[in-house]
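Position one of the sequence shown corresponds to residue 1 (the numbering used here), numbered consecutively onward.
FYI, nobody ran anything at the bench for these hints, they're computed from the structure. All values reported here derive from a predicted model rather than from experimental measurement. Zero decoy hints are in this set.
Ranges between beta-carbon positions, derived for each pair:
id: 1; residue 1: A3; residue 2: W75; range: 18 to 28 angstroms
id: 2; residue 1: S84; residue 2: G64; range: 29 to 39 angstroms
id: 3; residue 1: T48; residue 2: E77; range: 38 to 48 angstroms
id: 4; residue 1: W53; residue 2: G74; range: 31 to 41 angstroms
id: 5; residue 1: W75; residue 2: A39; range: 35 to 45 angstroms
id: 6; residue 1: N4; residue 2: A78; range: 16 to 26 angstroms
Positions of the beta carbon are idealized from the N, C-alpha and C atoms, including for glycine.
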Amino acid sequence: MTANGWAMQRLADILGEAVEVAAILETTSLGAAYFAGQAVGFYGDNATLAETWTPAKVYEPAMGAAEREARYAGWLEAVDRVRSRGA
Numbered sequence: 001m002t003a004n005g006w007a008m009q010r011l012a013d014i015l016g017e018a019v020e021v022a023a024i025l026e027t028t029s030l031g032a033a034y035f036a037g038q039a040v041g042f043y044g045d046n047a048t049l050a051e052t053w054t055p056a057k058v059y060e061p062a063m064g065a066a067e068r069e070a071r072y073a074g075w076l077e078a079v080d081r082v083r084s085r086g087a
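Taking the hints into account, I'd like the entire structure generated from these sequences.
Spelled out as structure tokens, the structure:
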């Protein structure tokens, strides 16, 4: 998903927050390796590891708050309609 620029921009817009994409795509595996390394004393604490973080790309929100709220309200209405049909 992080390779999809449209999805990452949309996520930033919907959250109203910057979204950072990791430089290493296998971040989950890297995190597991870091935890294992911490367990045996090879790596320092979380703050030390956090200092090594460098995003490959940062997506800044471009959608205004009013549009974000309107789209969210529309999504809630759609979910409500789907739930009403199943009852």
